[in-house]
Amino acid sequence: MPLTVAIIGNPNTGKSTLFNALTGLQARVGNFPGVTVEKKIGRIKGTADPIDLVDLPGTYSLSPRSLDEMVSVNVLLGRQADVGKVDAVVCILDASNLERNFYLACQVLDLGLPTVIVLNMFDVATTRGAKIDIAALSKKLGVQVVATSAHRKEGLDALKAAIAAAVPNGPGPRPHPFPETFYAECHQLASKLAELGRSDAPSFLVERALLDVGGYLETEWLAGSDIAEPWKSALVESRARLKEAGCRVPAVEAKARYAWAKQTLSDVATAPAARAETLSDRMDRVLTHRFAGLLIFVVLMIVVFQAIFSWAEPLMGLCESGQSAVSSFVASLLSPGTLRSLLTDGVVAGVGGVLVFLPQIGMLFFFIALLEDCGYLARAAFLMDKVMSKFGLNGKSFVPLMTSHACAIPGIMATRVIEDRKARLATILVAPLMSCSARLPVYTLFISLFVPDEPLMGMRGARQGLTLFAMYALGIVAAALVAAVLRKTIFHGETPPFVMELPAYKWPSPWIVVSRVWDRMMAFVARAGTLIFAAAIVVWAGSFFPGDHSQEFEKQRFIEQAEATQADSLKHRTMLEESLGKLNERMASHPPATESERDEFQEKLATIEGGLAVLNAELKPLDDARVEVNHLRASSVEQSFLGRLGHLIEPVVKPLGWDWKIGVGTLLSFPARELVVTNLGIIYGLGQDVDESNQQLWSTIREATWPDGRPVYGVPVALSIMVFFSLCAQCAATLMTIRRETNSWRWPLVTFTYMTLLAYFAALVTYQVAIRL
Amino acid sequence: MSQTLDQLPEGQAATILDVEGDDAVAVRLLEMGLTDGESIRSLGAAPLGDPLEFEVRGYRLSLRIVEARRVRIRS
Chain Z
1 MPLTVAIIGN
11 PNTGKSTLFN
21 ALTGLQARVG
31 NFPGVTVEKK
41 IGRIKGTADP
51 IDLVDLPGTY
61 SLSPRSLDEM
71 VSVNVLLGRQ
81 ADVGKVDAVV
91 CILDASNLER
101 NFYLACQVLD
111 LGLPTVIVLN
121 MFDVATTRGA
131 KIDIAALSKK
141 LGVQVVATSA
151 HRKEGLDALK
161 AAIAAAVPNG
171 PGPRPHPFPE
181 TFYAECHQLA
191 SKLAELGRSD
201 APSFLVERAL
211 LDVGGYLETE
221 WLAGSDIAEP
231 WKSALVESRA
241 RLKEAGCRVP
251 AVEAKARYAW
261 AKQTLSDVAT
271 APAARAETLS
281 DRMDRVLTHR
291 FAGLLIFVVL
301 MIVVFQAIFS
311 WAEPLMGLCE
321 SGQSAVSSFV
331 ASLLSPGTLR
341 SLLTDGVVAG
351 VGGVLVFLPQ
361 IGMLFFFIAL
371 LEDCGYLARA
381 AFLMDKVMSK
391 FGLNGKSFVP
401 LMTSHACAIP
411 GIMATRVIED
421 RKARLATILV
431 APLMSCSARL
441 PVYTLFISLF
451 VPDEPLMGMR
461 GARQGLTLFA
471 MYALGIVAAA
481 LVAAVLRKTI
491 FHGETPPFVM
501 ELPAYKWPSP
511 WIVVSRVWDR
521 MMAFVARAGT
531 LIFAAAIVVW
541 AGSFFPGDHS
551 QEFEKQRFIE
561 QAEATQADSL
571 KHRTMLEESL
581 GKLNERMASH
591 PPATESERDE
601 FQEKLATIEG
611 GLAVLNAELK
621 PLDDARVEVN
631 HLRASSVEQS
641 FLGRLGHLIE
651 PVVKPLGWDW
661 KIGVGTLLSF
671 PARELVVTNL
681 GIIYGLGQDV
691 DESNQQLWST
701 IREATWPDGR
711 PVYGVPVALS
721 IMVFFSLCAQ
731 CAATLMTIRR
741 ETNSWRWPLV
751 TFTYMTLLAY
761 FAALVTYQVA
771 IRL
Chain D
1 MSQTLDQLPE
11 GQAATILDVE
21 GDDAVAVRLL
31 EMGLTDGESI
41 RSLGAAPLGD
51 PLEFEVRGYR
61 LSLRIVEARR
71 VRIRS
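Quick mapping for you: the protein sequence lines, in order, are chains Z and D.
The first sequence stops at residue 773 when you use our numbering, and every number in between is there.
The second sequence stops at residue 75 when you use our numbering, and every number in between is there.
Be careful, since some hints might not be right.
[As the list claims (entries may be wrong)] Covered stretches of chain Z (in silico footprint by chain D; criterion: 3 or more residues with CB under 8 Å from a CB of chain D, positions within the stretch not fixed): (1) 153-165; (2) 202-214; (3) 242-256; (4) 285-294; (5) 599-608.
By construction, these hints were calculated from the structure, which means they are not laboratory data.
We put the beta carbon where it would ideally sit given N, CA and C, even for glycine.
When you get a sec, could you build the whole thing from the sequences and use the hints?
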């Protein structure tokens, strides 16, 4: 049996870095059951006996105010079934900020577990002039104290040795910071609990229950049982007596523990005396300056956004071309059939649909890790809090929401920096409303087709630009409104505190940045990837079954044979088509001036066209088969489950001005919004290699009619489709990421429901208003 | 003279008297070290006027104005 050791510490103490350095990026990542807290367990490298390290969320204290915060306490007390008994605890402190960090250390020592105290970022503290006598501190506390600089990988061996020695050493003495009256009350409460039939509660929980007014242990721990009421009143009476005695709860805890911290540190550690103005202070004056600060912030955010929006593009292109390469490789091994369709359109597309997000996730977490590690991320939250708090969010919601304009998935993953549960959930719920890059093909297609590019106020393309802008603005306004409504409804209650430490600036460590990026990418693949993959397979099956594909496969076999035997003719035709294009281009730019030039041109033209006619005749069976296979595919999609569903919902989408084909296209694009363009191509019998600039798709859309001959599309329908796609939740990957991040199906369901309703009604209003204008 | 922390002018220090209430905000303020008798210095406000920045126990802390109003100080 490996030993289990928990690691806990304040935020900004380098806990994750230390965890990664000890376990070598080999952690098992999951969730604690029933809560949004991430569970990370890793085996410490290079110890004689196996030791598992459990990462607990960064926290300033062990007073649980919610089920999420109770997890840490449960793990430490060995009450968390999926972790089991914890043999020791490592409490990591920021060496430059010992006094405040000692508050948590005091609580941890009160647990009575074998403990190792780690003074991390020791190098930074020393350069700032702090003097800490480690040996004396260790003697005073009665537990091992180790100095580390995790970002330089210094002190790790000593720490490993200390962890290994902690269990045989046993627990140190409890700090005993409170006045005796407090302990007397705790004793009474424990007897009261035993009277009520709960003699199993550790004294730590009893103390916590008494201290945390309105906390988890008072309100929810025994909720539902018949002893909840007497328990509550016993707590209230105890607190009243303590107040009488001059130990007002909750103030007594902070007072007692901070007094203990001061006393413990008094002769073993000296903080730098009068804080001289550091470089960090001077930087801060610029970076939080009224004008310069905001300007730098805007520039930085543009860079981050640009990185995710465009710098990730080549890598995503690489993923996509890799996907099609694998796809055609698989296709070359198998003859057309159900298995091949499953493998290429289901499995390979599903894996590709997961991997394609990695460049953006990697890029975003590269910047987040960089900004967080150097201390700027807290300032960004400081700068933006006033704006975000108006909508029930907080300053830390800004970066996740901004980056959601590139892709909601990294955005949602980035909400992990928001400690407050309600603010984090609200941010997750509105993030998918931001117009991500997957909406762009939809906007581009319908704007280029239906929004006239005649000049507005002398500017060409201004109407198109404004329409695009309106789509982005729509998402932001909707997000603000939804967040404000959430705040008043499901997340009502007191405004969560935004009490945040502003850490000193420091050089970011490349090792931290790399490990954070790796960590997040792996977490995404392992946690959300499987679900996204499953969704892709389900949608593939929904559009493939039921249906007779034998004709389609037969045609496809014929096409592939013909393509092989007539490869030369095909190549030749492409060449001739290219020269024809070039010739026409040259004609347009340099019209022939003389008779002889004109004749020469006519002659060339005749030769090329003659050659093309011969080839076209030769290739006609192939061309016909290609058209036919596209039509067969279109009709098999129409016959499939999802196609039938599309027909079924036509009455529902008709008020939006949509016919069933748009409805099916929308249903089929559930794996990802941008697929609607491809899906329209398939449904219109143009095959699956269609993108938003495909001229054939453009003309088909322009010419599409209802059975009675009226055109399907026009400006109102185009607007209604764009509005729908700007607000809808047609992105399985986002919903699965929400599932993984919140560890519950409830939040993806809520997101899907509200966004679909919002999108539907907004599109309805848009269409109905637009046709009346 | 007693006042609340949000009124402390930039650059000035004061002594904390107490934190009002016993809800989550009060507890968090206490946990962050805003206990009575402790000295605290204002470092100014964010560019948009809220939140505020303080130095206490040797580190920097950001509080919203509504939260700072919960802390009584003596300058």
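Status of the hints after comparison with the structure:
| no. | hint | verdict |
| --- | --- | --- |
| 1 | 153-165 | violated (count 0) |
| 2 | 202-214 | holds (count 3) |
| 3 | 242-256 | holds (count 6) |
| 4 | 285-294 | holds (count 6) |
| 5 | 599-608 | violated (count 0) |
Figure legend: structure checked against the earlier numbered hints; hints not met, in rising order: 1, 5.
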